[in-house]
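S.K.: The task is simple: from the sequences and hints, build the whole structure.
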Amino acid sequence: MVEGVLTTLSISVLSFLLGMAAGLLLAFGRVYEKGSRPLVEVFEKFFRGIPELVLMLMFYWGVGSYIPFPFKNAVFTATFVLGMRSAANQSQIFRGAIRGIGEEQMVAARSLGFSKLWSAVHVMIPQVFVFSTPGLGSEYALLIKDSAYAFVIGVPDIMFITNSIRKATLDPVTPYLAAAFLYILLTFPVATWLDAWGSRRKKKLGL
Amino acid sequence: MDYIIEYLPLIFDGFILTVGVSLFGIFAGLALGIILALGDSYGGRIISTLIRVYVEFFRGSPIIIQLFVFLYVIPTLLNFRIDPLIVGFSIFALNSAAYQKGYIKGAMDAVFEDQMTAGLSIGMSKPQIIFYVILPQALRIVIPAWSNEYCSLTKSTPALLVIGVRDLTAAATTIIGQTYRVLETYVFIAMIYLAWITVITKIMDIVYEKKRIPGIEISA
Amino acid sequence: MLGEAEERKSWGYKEMTDIVMECKNLWKTYEQHLIAVKDVSLQIGEGDIKLIFGPSGSGKSTFLRCLAMLTPPDRGDILLRGECLTKAGTDLNKARTRIGFVFQQIYLFRHLTALGNVELALRRVLKLPKEEAEKRALEALEEVKMQEWSHHYPSQLSGGQQQRVGIARALARNPDIILLDEPTSALDPELTGEVIDTLRDLAKKGTTMLIVSHEMPFAREVADEMIFFDEGSIIETGPPEQFFTNPKSERAKKFMARLIKRTKRE
Numbered sequence: 001m002v003e004g005v006l007t008t009l010s011i012s013v014l015s016f017l018l019g020m021a022a023g024l025l026l027a028f029g030r031v032y033e034k035g036s037r038p039l040v041e042v043f044e045k046f047f048r049g050i051p052e053l054v055l056m057l058m059f060y061w062g063v064g065s066y067i068p069f070p071f072k073n074a075v076f077t078a079t080f081v082l083g084m085r086s087a088a089n090q091s092q093i094f095r096g097a098i099r100g101i102g103e104e105q106m107v108a109a110r111s112l113g114f115s116k117l118w119s120a121v122h123v124m125i126p127q128v129f130v131f132s133t134p135g136l137g138s139e140y141a142l143l144i145k146d147s148a149y150a151f152v153i154g155v156p157d158i159m160f161i162t163n164s165i166r167k168a169t170l171d172p173v174t175p176y177l178a179a180a181f182l183y184i185l186l187t188f189p190v191a192t193w194l195d196a197w198g199s200r201r202k203k204k205l206g207l
Numbered sequence: 001m002d003y004i005i006e007y008l009p010l011i012f013d014g015f016i017l018t019v020g021v022s023l024f025g026i027f028a029g030l031a032l033g034i035i036l037a038l039g040d041s042y043g044g045r046i047i048s049t050l051i052r053v054y055v056e057f058f059r060g061s062p063i064i065i066q067l068f069v070f071l072y073v074i075p076t077l078l079n080f081r082i083d084p085l086i087v088g089f090s091i092f093a094l095n096s097a098a099y100q101k102g103y104i105k106g107a108m109d110a111v112f113e114d115q116m117t118a119g120l121s122i123g124m125s126k127p128q129i130i131f132y133v134i135l136p137q138a139l140r141i142v143i144p145a146w147s148n149e150y151c152s153l154t155k156s157t158p159a160l161l162v163i164g165v166r167d168l169t170a171a172a173t174t175i176i177g178q179t180y181r182v183l184e185t186y187v188f189i190a191m192i193y194l195a196w197i198t199v200i201t202k203i204m205d206i207v208y209e210k211k212r213i214p215g216i217e218i219s220a
Numbered sequence: 001m002l003g004e005a006e007e008r009k010s011w012g013y014k015e016m017t018d019i020v021m022e023c024k025n026l027w028k029t030y031e032q033h034l035i036a037v038k039d040v041s042l043q044i045g046e047g048d049i050k051l052i053f054g055p056s057g058s059g060k061s062t063f064l065r066c067l068a069m070l071t072p073p074d075r076g077d078i079l080l081r082g083e084c085l086t087k088a089g090t091d092l093n094k095a096r097t098r099i100g101f102v103f104q105q106i107y108l109f110r111h112l113t114a115l116g117n118v119e120l121a122l123r124r125v126l127k128l129p130k131e132e133a134e135k136r137a138l139e140a141l142e143e144v145k146m147q148e149w150s151h152h153y154p155s156q157l158s159g160g161q162q163q164r165v166g167i168a169r170a171l172a173r174n175p176d177i178i179l180l181d182e183p184t185s186a187l188d189p190e191l192t193g194e195v196i197d198t199l200r201d202l203a204k205k206g207t208t209m210l211i212v213s214h215e216m217p218f219a220r221e222v223a224d225e226m227i228f229f230d231e232g233s234i235i236e237t238g239p240p241e242q243f244f245t246n247p248k249s250e251r252a253k254k255f256m257a258r259l260i261k262r263t264k265r266e
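Protein chains in written order, with the working numbering: chain A, 1 to 207; chain B, 1 to 220; chain C, 1 to 266.
In short, the hints are calculated from the structure, not lab data. Fair warning: there could be bad hints in the mix.
[To be verified] With a straight-line Cα cutoff of 20 Å, these simulated SDA-like cross-link-like pairs (lysine to any residue) come out:
#, chain 1, residue 1, chain 2, residue 2
1, B, Lys211, C, Met69
2, B, Lys211, C, Gly116
3, C, Lys94, B, Ser125
4, B, Lys210, C, Ser155
5, B, Lys126, C, Ser155
6, A, Lys45, B, Ser125
7, B, Lys126, C, Arg124
8, B, Lys202, B, Ile143
This one's a predicted model, so the numbers in the text were calculated from it and none came from an experiment.
M.R.: Written as structure tokens, this is what we have:
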């Protein structure tokens, strides 16, 4: 079971980070480079409009049969799908934060002579993070929970192992309750901690 | 793609089931969510704690686990069997209620203080104020969150195939089992989900516009 | 030139009044240490217009809310036309229909039109049928000259207009008395005028009012009696002229001096 927890965690964390990197790109792209808007919108619509499980099945069984590497690796596909979905979600979160922070910060930085890219990275991103913590907290919790879909394509995560235990011990009660407990344990503390960190930072910066 | 045509009835059945569960979930979740929000605000310490446990369970665990718990654990403990379809409908409703309680309570708290005082000043009783003043405003505020919630629900419905309910995704796996056309089938099914969600989102936008009262908006 | 208040007094009107509202030995404490209202007793007669003023934080608003039983007092009695409100078991909701309250922050119901705001109590508390409730609501709106705006939502109205609707809402049930908690303090200066005009009209019609306010010119013109409130107690009462020419108490003297200095500077 420990490996199961580790697998679940690694998938969630990896897809979270992947989503963050891509999400930042998407958000900033959409706000500051008008040309990229249609592409970003299509991406978001696709990965937010189709159920995660369907995407996993589609990529693993479907795309995997044409491009076996890397898509036939269940762990990779699960992380990829969740990462893209997360990117679409996080893009939305970051865009909201950017809008909340307002134009002035970028304008001020540009007027001092910094390039668009430098300003985005050094001025906006730190602020965006502080503003996004509630959204990111719930996105992380969502990833932990959605990682459970991965067992359908064979990833040995908590869900998968729970099912194996049930089949082995013929005890339908304990494994599932234990699994539920485990998941709650994984989602709850981090989300709350992120939220608290965010509020503290906000207070400190006088926001 | 023509091979799909003979499977259209199957796909249609799956689609109806998916839509049925999600619609039931969102509306039953709304009713239950309002009750939970009211219970949490006015029910006293014990009820609030119970509600909190309920919400933590349904929001902290994957829906697949919840389906299994309901399918296996509860019947075993109480010694009777439940049809997977009923499990599906119930869990989606209960799950959605946990999320909706959060939005609704948040909106209620936002308008609460001054509107309650104003209501008292004209002689209304607390229940009257909640029903005629606070809820009308809170429910309008949550419309965007509500439409989001429906999309969330719809995207969770594929979990149903894991407990043996024949939803849209289950239809896809059946078709693939018979025709071996993996990618095309999944893409087709994916497009159906996408279309449905897009349509619903558009409809919700229209509803929001119609029900909007200038001055009652979500704070950014 | 006599103000309205003096005119009414000269008719001997004041001698034969019914006491509309009365409070005896009112106390209200917050969190053990903060005593907001200290042993306050006050009588308001039919047609009286009394104005409470004083430094901020002196407990005036708290006192007013106690009178309307929005914040029940810790000790003391409140009587509305002889009926004791502080007794256990009183139907407070019924009682509150006989007291009109106007808030500093207005507190209109955002999801209802101006008409809806005014008729809500008539329909849901007094259970009047739709047509009659609407008719009375429109009458109340006419009194504050807002009947043209009856189908607008609060967010579409200016602050002054909103407050006038708030006054109409308080008037609609024909209450025995209207309590106003700094009705103009939250408004921009140019908007206070319309509210004050409305209150002046109401005063002319003989409405019983207890107002907490800083609007000194208005007080001088309309109030029968002014009450200086400081640190939770009534320090001094008297006709407006007393305060504007020669207050009896030291604290009132200091307060008026500061006030006049401020208005002179403006």
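S.K.: Tell me, which hint numbers fail for this structure?
M.R.: 1, 5, 6
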